[in-house]
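Asks: Going down the list, the sequences are from chains P and H. Per this note's numbering, residue 1 is the first one in the first sequence, and the count goes up by one each step. Per this note's numbering, residue 1 is the first one in the second sequence, and the count goes up by one each step.
One thing to keep in mind: the hints can contain errors.
Beyond 10 angstroms from chain P on every Cβ pair, some chain H residues (computed) [to be verified]:
| # | residue |
| --- | --- |
| 1 | 114 |
| 2 | 164 |
| 3 | 183 |
The calculated label-pair distances, taken between Cβ atoms and stated as ranges, are [claimed, not checked]:
| # | chain 1 | residue 1 | chain 2 | residue 2 | range |
| --- | --- | --- | --- | --- | --- |
| 4 | H | 127 | P | 68 | 23 to 31 angstroms |
| 5 | P | 84 | H | 142 | 37 to 45 angstroms |
| 6 | H | 156 | P | 49 | 20 to 28 angstroms |
| 7 | P | 81 | H | 89 | 17 to 25 angstroms |
Since the hints were derived computationally from the structure, they do not count as laboratory data. We treat Cβ as the ideally placed atom computed from N, Cα and C, and that holds for glycine.
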Amino acid sequence: MVLLVAAALFSVGLYGALSQQVVVMVMMGLELMLNGLILAAAGFWWFLAPDPSGQVLLLVIIAAMTVEMAMGFAVATMLHRVRRVDMTDLARDLSR
Amino acid sequence: MVSHVAFWVLAVVAVLAGAAVFIVNSMARASYALAVSFIGVGLQVLLLQQNYVGVVTILMMVMEMAVMAVYMIMFMGMNPALMPMSMVHDKRHALAVSIGVFVLLAAGTLIVPWPTRRGTPPADVTMTLGEELMGPKMLVMAAVGVVMAATIVAGVVLAAHQTRYDRFGDDLRRRPADDPQPGGVGR
Numbered sequence: 001m002v003l004l005v006a007a008a009l010f011s012v013g014l015y016g017a018l019s020q021q022v023v024v025m026v027m028m029g030l031e032l033m034l035n036g037l038i039l040a041a042a043g044f045w046w047f048l049a050p051d052p053s054g055q056v057l058l059l060v061i062i063a064a065m066t067v068e069m070a071m072g073f074a075v076a077t078m079l080h081r082v083r084r085v086d087m088t089d090l091a092r093d094l095s096r
Numbered sequence: 001m002v003s004h005v006a007f008w009v010l011a012v013v014a015v016l017a018g019a020a021v022f023i024v025n026s027m028a029r030a031s032y033a034l035a036v037s038f039i040g041v042g043l044q045v046l047l048l049q050q051n052y053v054g055v056v057t058i059l060m061m062v063m064e065m066a067v068m069a070v071y072m073i074m075f076m077g078m079n080p081a082l083m084p085m086s087m088v089h090d091k092r093h094a095l096a097v098s099i100g101v102f103v104l105l106a107a108g109t110l111i112v113p114w115p116t117r118r119g120t121p122p123a124d125v126t127m128t129l130g131e132e133l134m135g136p137k138m139l140v141m142a143a144v145g146v147v148m149a150a151t152i153v154a155g156v157v158l159a160a161h162q163t164r165y166d167r168f169g170d171d172l173r174r175r176p177a178d179d180p181q182p183g184g185v186g187r
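Chain P extracted, bound-state conformation (with noise of 0.2 angstroms):
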């Protein structure tokens, strides 16, 4: 059960992360998608193998939030200083 709400967290966030047009909004539904990660981790450690070791890959997931975010809060800072754009749609050619 645990493993569903994390799916349904997870769902949620990616729904937001393709949908969003605005890049602190695909940054929120990124967040969402590794707020599931984290219930899921916290349910296989509890449920399926409580040692002391598992929870480190809970911290590993919590430290790859923080970077995700500082990082998309620096490219989203750059991207509006040097455009003046806060939409991915208006910075399409930076996929090609």
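Knowing the structure of chain P, use the given hints to seat chain H on it.
Replies: Using the frame of chain P, we list chain H on its own:
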């Protein structure tokens, strides 16, 4: 029994708040909804006996959402709490993909014959986690520390308005520096 009920209530709150992030019509409300979702998951992690991780999740994410609200005001150039907005593209495909992923993950969750629990949780989970981090898993934390330091440097380099290359030129030889406001000792 009480913890089961609490878990389900928190699950409903976390998922609904997560969905509200992309339903509410202002970015400030969206960031508050995301904070509520994170608090719900953090409390669920606490219910799964991982006190340290649960508390860290709640504290970190609430602060992160506060930073996010500041960013919105900076970049959107408006009061995000008052300005309704709907900025989505390709909504139908995104919805189809996310529903498909949920069905796939849920099917895997229900179909897979999960093994029985191996081992028992330690009496003091937080203390054993600390011992693990300061002992055999030190390398993981050391690697995370280096990545964090690299992130700080990369973040500042990307976001900085004026770096030393802007001031001293590409070969760093230009003197005096090209500063918007000249000053400093000896100038």
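Asks: Compare the structure with each hint and give your call.
Replies: Here is what the structure says about each hint:
1. 114: violated (7 angstroms)
2. 164: Given that every Cβ of chain P is farther than 10 angstroms from that of residue 164/H, nearest at about 17 angstroms, it holds.
3. 183: holds (23 angstroms)
4. 127/H - 68/P: 23 to 31 angstroms: 30 angstroms Cβ-Cβ, so the 23 to 31 angstroms window holds.
5. 84/P - 142/H: 37 to 45 angstroms: Holds: the Cβ-Cβ distance is about 40 angstroms, inside 37 to 45 angstroms.
6. 156/H - 49/P: 20 to 28 angstroms: violated (40 angstroms)
7. 81/P - 89/H: 17 to 25 angstroms: The hint (17 to 25 angstroms, Cβ to Cβ) holds, given that residue 81/P and residue 89/H are roughly 24 angstroms apart.
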